[in-house]
Amino acid sequence: MKREITFAQAINEAMAEEMRRDPSVFLMGEDVGVFGGVFGVSEGLLAEFGEERVRDTPISEAAIVGAGLGAALVGMRPIVEIMFADFVTVAMDQVVNQVAKARYMSGGKARVPLTIRIANGAPGAAAAQHSQSPEAWFMNVPGLKIAIPSTPADAKGLLKTAIRGDDPVLFFEHKMLYSRAGSAPEGEYLIPFGRAAVRREGEDATIIAIGGPVNAALSAAEQLARQSVSVEVIDPRTLVPLDLDALIASVRKTGRAVIVHEAHRRAGPGAEIAALLAEKAIDYLEAPILRVAAANVPIPYNPDLERFVLPTAEDIVEAVMKLIRYEI
Amino acid sequence: MTSLKHHPLDQLLAFYRLMVTIREFELRAAGERKAGLVPGFLHACVGQEATAVGACAALNAEDVITSTHRGHGHLIAKGGDPRFMMAELAGKTSGYCGGKGGSLHLADFDLGVLGANGIVAGGIPMAVGAGLAFQMRREPRVALAFFGDGAVNEGAFHEAANLAGLWKLPVIFFCENNLYGEGTPQHKQAPIRDLSLRAAGYGFPGVIVDGNDVVAVYEITLDAVERARKGDGPTFIEAKTYRQRGHYEGDPMIYRTEEEMAYWRARDPILGFRKRLEEEMEVEPAALDAVDAEVKALLDEAVQFAIHSPAPRPEAALEGVYADDHGGRVF
Ligand SMILES: Cc1ncc(C[n+]2csc(CCOP(=O)(O)OP(=O)(O)O)c2C)c(N)n1
Ligand SMILES: [Mg+2]
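Line order of the protein sequences matches chains P and X. Residues in the first sequence are numbered consecutively from 0, following numbering that gives the first Met the number 0. Residues in the second sequence are numbered consecutively from 0, following numbering that gives the first Met the number 0.
Since the hints were derived computationally from the structure, they do not count as laboratory data. Heads up, some of the hints might be wrong.
[As the list claims (entries may be wrong)] Far from chain X by the CB rule (all over 10 Å, computed), these chain P residues:
1) K252
2) R265
3) E285
[What the hints assert, rightly or not] Mimicking DMTMM-like on lysine to aspartate or glutamate, the simulated pairs with C-alpha atoms at most 20 Å apart in a straight line are:
4) K279/P - D242/P
5) K33/X - D303/P
6) K187/X - E42/P
7) K187/X - E50/P
8) K108/P - E51/P
9) K295/X - E278/X
10) K252/P - D303/P
11) K187/X - D303/P
Quick reminder that beta carbons are idealized off the backbone N, C-alpha and C, glycines included.
Okay, chain P solo, but in the shape it has when bound:
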């Protein structure tokens, strides 16, 4: 049985189901309780689970993440929320030096079942400190897993997997996805990490799209289909681990790859993926690997400037056509 739910509802259901199932799961963050989360994601959880397990915190990101780690080390399964990805910087020591390294430094003894939910992406005219997509910063930190779903169904299944796992997960939720509806299975299901989803099959080029921009990639594919260009759209769903086999299989079929994300282009997730494809799949490629990403400037406030900086469906179409026309 399938039904339609929004991305926000999917996350809400995942948290509620896991909290019902396991008393060691709890949620804390700024305004997650009475307010229901600034994006409404935790609405109703306080009423069902009470103040002990749905905790409004002071504005103290380092303490929120660090306390999540401490609780995890002694057997809880905390979910902590960072309201805007931009604010995770305030907790950077905890994420990078403490959370990520606890297991390894202890010779594999520590268990860190901690889920850090982070709202990323540009919601429109929010400017440089409320619009960032910092996924790639953390790809460079061994010890962290990174999920970045693009559909309600994936958000739910991946979040449940994150909560049940014994490794720390940064779970990125693009703000523009929260109100988008999509079909999701009824009842209990999990989605494993490290399994990409083929969103659309095609023959001529592969678009590897990450998080929020998956939708722009799909609409680009639609436009390209009208020009008789058949595009495959792949959504990795998790960046660490990464389903490289699925990406290589697609590129092997199409011979062309465009990587799309809202993180900045320089050293963004696309840089790593492009390097991996160059290392493992260069023989299949008929053209260079292109990236469509946010320009290397802070996100500006003015909406026209913002659109100019962020990746659009038109940019993706242009990149694919460049590869189609490419001659060695």
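Position chain X with the ligands against the provided structure of chain P, taking the given hints into account.
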């Protein structure tokens, strides 16, 4: 309550005009956001005008401030031009930041406004650094950091306060305690009600003032400024006040009661001050009405200025990241 009689009437009228300007700016900005001229977040300081005006009146032009997400009042009180502010909110080239910053990042370095901030407590260490520079260069200047009751729970506040206390820097920690951080009441964010108590831990005085009494705020900030200029170090001022509008424009405000809001509206800093000007200083209501009308005209002009200013070219988005882009080698 402080007496108005100790202050020149001109100065009191200037306080009134500035507070009305801030109020009018906020209401017009909120209206223009609904009307579509202003695209981004707005955090109005309606109800808190006395803190901005009283505190900045105690500063000299060479003194600097750092501000917050709720910073329109701070900038106006430090001499900001509502035209350039409204144009920035509209994302225009004539705005304070050329349309790149918006409300959250308003700054005017000529006026000593080192910036509003999108990060809670983000501006506090900066004020300490400015104070350090003034101390190192033996300049008789002070830095004042505005921040909210929510900000004192960030590490940045603690580290900055400790440093300023340790080095006796000419810094004023000005906390606008409006009883809420977003939808969470102050009493659910800290185990103490008087945040000025925190100052003791950093070795400098913490004082409390009625944040809705502009003259009281002015007087207490003057004392702190004098202390800082003498080299005696920082002061933490806690101004008790209340935000009358939502945390942001559009906030459903499910977290507080109509009674509570009515209680604070009855203690409105502008209406209260106006009444005292009329009663204690015998200012004619017509004279104050005239100020109101002038301010309205000023804000009409600001809105028109914003509407008629040109929008930036989209390519402008790529400019201004670095002072030196190494001939295009930064890409
Ligand atoms: C580091 C950081 N965490 C969270 C936020 C989101 N946020 C913006 S304003 C705010 C409340 C701030 O409360 P307070 O300091 O009391 O200032 P007020 O809004 O009441 O003026 C929060 C949580 C942020 N901008 N930065
Ligand atoms: Mg507050």
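Agreement of K187/X and D303/P with the hint, judged by alpha carbon distance not exceeding 20 Å: violated, 40 Å
Within 20 Å, alpha carbon to alpha carbon, are K187/X and E50/P? Cα-Cα ~12 Å, so holds.
Pair hint K187/X and E42/P, alpha-carbon separation not exceeding 20 Å: holds, 19 Å
Please confirm whether R265/P is truly not at the interface, meaning its C-beta sits more than 10 Å away from all C-beta atoms of chain X. At roughly 8 Å from the nearest Cβ of chain X, R265/P sits no farther out than 10 Å, so the non-interface label is violated.
Going straight from one Cα to the other, do K33/X and D303/P come out at no more than 20 Å? At roughly 19 Å apart (the allowed maximum being 20 Å), D303/P and K33/X satisfy the hint.
Against the 20 Å threshold, does the CA-CA distance of K295/X and E278/X hold or violate the hint? Status violated; Cα separation ~24 Å.
Run the C-beta distances from E285/P to all of chain X and say if the shortest one exceeds 10 Å. The claim holds: E285/P sits with its nearest Cβ about 26 Å from chain X, beyond 10 Å.
K108/P and E51/P were given as a pair; does the straight-line alpha-carbon distance stay at or below 20 Å? violated, 28 Å
Over 10 Å from every CB of chain X: does K252/P meet that, or does the non-interface label fail? Holds, since 32 Å exceeds 10 Å.
Assess, step by step, whether the Cα of K252/P is no farther than 20 Å from the Cα of D303/P, and give holds or violated. This hinted pair is violated, its Cα atoms lying about 37 Å apart.
Is K279/P close enough to D242/P, meaning Cα to Cα at most 20 Å? Given pair K279/P, D242/P holds - Cα atoms ~13 Å apart, limit 20 Å.
The structure does not agree with the numbered hints 2, 8, 9, 10, 11 stated previously, though it agrees with the rest.
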